[in-house]
Amino acid sequence: MLVIKDLHVSVDGKKILKGLSLTINAGEVHAIMGPNGAGKSTLSNVIAGRDGYEVTSGSISYKDEDLLEMNPEERAWNGVFLAFQYPVEIPGVNNTYLLKAGVNAKRKHQGLDELDAFDFMSVVKEKAQLVELDASFLSRSVNEGFSGGEKKRNEIFQMAVLEPDLALLDETDSGLDIDALRIVAGGVNKLRSADRAIVMITHYQRLLDYIEPDFVHVLADGKIQKTGDKSLALKLEEQGYDWVQENL
Amino acid sequence: MASNKEIQEQLGEREYEAGFVTDIESDTLPPGLNEDVIRHISAIKQEPEWMLAWRLEAYQHWLTMSEPTWAAVDYTPTDYQSISYYSAPKSKDDGPESLDDVDPKLLETYEKLGIPLREQEFLAGVTNVAVDAVFDSVSVATTFKSKLTEAGVIFCPISEAIREYPELVKQYIGSVVPQKDNFFAALNSAVFTDGSFVYIPKGVRCPMELSTYFRINALNTGQFERTLIIADEGAHVSYLEGCTAPQRDENQLHAAVVELVILDDAEIKYATVQNWYPGDENGVGGIYNFVTKRADCRGNRAKVSWTQVETGSAITWKYPSCILQGDDSVGKFFSVAVTTNCQQADTGTKMIHIGKNTKSTIISKGISAGKAQQSYRGLVRMGKNAENARNYTQCDSLLLGDKCGAHTFPYVEVKNPTATLEHEATTSKIGEDQLFYCQQRGLSEEDAVNMIVNGFCKDVFDELPMEFAVEANRLMEVSLEGSVG
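Chains as they are written, first to last, in our numbering: chain A, 1 to 248; chain B, 249 to 733.
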């Protein structure tokens, strides 16, 4: 589904990714771990198409198309979803209204009829239960006044409604207490499917106790330094990232 | 993801949908202003002698005044002798008896602008708004007169009111905005041509929304309308005002006066969607909108609200105000002003608290893009007898791009120690974070900007009647979006 080859990315002239390669297939769950500043968030932002990230060389193909040629909304229409590390507040814009606009833009792209308010609301109510999101959140302004945990739950709720093919979860576990983590992880697990790939970016092994990955990658110094299964994460937890660096 | 520059380019491409000209023969006075012109206007309108005397008095005073320069706007001064002060479509001499008498070209014009002048639409349930359509210097049609008459409501062109209801007009005209109030009000008092008159009798709740639609069509004319609305004791009315003009390279002057009188327990809700031609992206052409709007809560427990959505005009100079004389009276001001390209706006409100327990609320949302400059200028005055007066002011500015500016000039005068004032102000830039977030969820950049801006304006749009909220939303789209190039 996603094939990244020898990707080099600079931000403000500073090289962040230095030859990253990664292949992700449908149905797989990948965890990307690594020290601060290794380029984890840069990777998710480049895949989602955020401005300000300059791809100096390399390629990203998504469903056999050149992902880098698409603008952010086209990527979204084609099934790329980013759960933000820091979801933004948009005052006055209704949470459900934004989501409905997103869903219908995607449906339009797929040649489907737009969902009317009634059909949409029944989808929304069902999905909100997935992350135990209270119905009152649906009518509030996007992320405005939400707690850290509520914002993250809202991201996973949006993911559930938008039904992406490739979901990038950028530090979705950060700032969550243990109960919230269980709820969010439970939601993600219910969204695992054979057609969907999930990429979790995280600092902590803790998340992987709840969402078991098929692959664990260590990203350091702009490259994937090591790939393994779940046991790699446990080893990292025990020995720290220095262990990877020393073994380069 | 577009940079600010790209966003600005899009904004620069706004289209002005109302920019067409109606090709209709008009009777237009030659340019110039003197006593004869005023006598002529008064004669065309078949006005009583007292009205002419009132106009001439205003004119004499105007001659001694000079144009105000304190506003933070910069423009080529108007040559008052180069403007024509009266222009009317030829086909009518003194107001059509019914819609059947209205020139089809005019009906077509209003249809094109989306203003329903055909009453059958009401029967079909499409609209519940009575409209007075003012084309250049005259009212060309007023709908639903008979239905309103049944309820005792008077809704007619002010020129007709001066003839038909002289006592009412005489009692109230100039009682809120005196002839000599300011330069533009004095000019308007001398040469006003048409506008709407509304009287809601005691205890009557107006059965439908009232609306006046102002259209400037003729070249080199000014529009000087005068609106007078009186809500007698316990009366209630909601009034809407809309404005457009053709796209022209010359600046045109619009100097209106609006007076609202609210007696005991009465309420007026006055909403404006102003979309005068704003000039092109280089600042050529556009309407000078120099308007005096004032409401007088003369009675106890009187209530008034001004809600305005302003996207048009090259220059705006406008401060809808509330005089809160009656005890427990309430004044509200909700405003969204959008300035793009080279537009300049100096706008705000005045809340004058005189009575006890008077309350006022000011919510002002300014959006600037391109090279536009916008100022909020507001005065809150609490007089010495205004026991327990309260004001809440919130001014938010949203900037799109880095060449535009937002300025806030709040003036506060408090002479009573029991008064309470709150003031909040924010200035923010439309965040690339917000745009990216929306795009990641599948919205185009254009839709994302629109959604964020509409969210920013929500507090004000919520105050608009349904029909206008939709119109306002659409206007914002046209004003701020343009096509993605």
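Keep in mind the hints are simulated off the structure, nothing from the lab.
Among these hints, one or two may not hold up.
Claimed, not checked - Computed list of lysine to aspartate or glutamate pairs in DMTMM-like fashion (alpha-carbon distance at most 25 Å, straight line):
| # | chain 1 | residue 1 | chain 2 | residue 2 |
| --- | --- | --- | --- | --- |
| 1 | A | Lys100 | B | Asp710 |
| 2 | A | Lys108 | A | Asp134 |
| 3 | A | Lys106 | B | Glu515 |
| 4 | B | Lys706 | A | Asp116 |
| 5 | A | Lys106 | B | Asp681 |
| 6 | B | Lys450 | B | Glu515 |
| 7 | A | Lys190 | A | Asp134 |
| 8 | A | Lys106 | B | Glu694 |
Remember, predicted model here, so these are calculated numbers, not experimental data.
Taking the hints in turn, this is what the structure says about them:
Simply put, A/Lys100 and B/Asp710 have alpha-carbon atoms about 20 Å apart, close enough for the 25 Å limit, and the pair holds. Using a Cα cut-off of 25 Å, the hinted pair A/Lys108 and A/Asp134 is violated, with the two alpha carbons roughly 29 Å apart. Distance hint between A/Lys106 and B/Glu515 is unfulfilled; the C-alpha atoms sit about 46 Å from each other, more than 25 Å. Between B/Lys706 and A/Asp116, the direct Cα distance comes to roughly 22 Å. Compliance with the 25 Å bound is thereby established for this hinted pair.
A hinted pair counts as satisfied when its Cα atoms are at most 25 Å apart, and A/Lys106 with B/Asp681 qualifies at roughly 21 Å. Only pairs whose Cα atoms come within 25 Å are accepted, and B/Lys450 paired with B/Glu515 is accepted, the gap being roughly 11 Å. Distance hint between A/Lys190 and A/Asp134 is fulfilled; the C-alpha atoms sit about 18 Å from each other, no more than 25 Å. Taken as a hint, the A/Lys106 and B/Glu694 pair is honoured in the structure, with Cα atoms around 15 Å apart against an allowance of 25 Å.
Checked against the numbered hints given earlier, this structure breaks hints 2 and 3; the rest are met.
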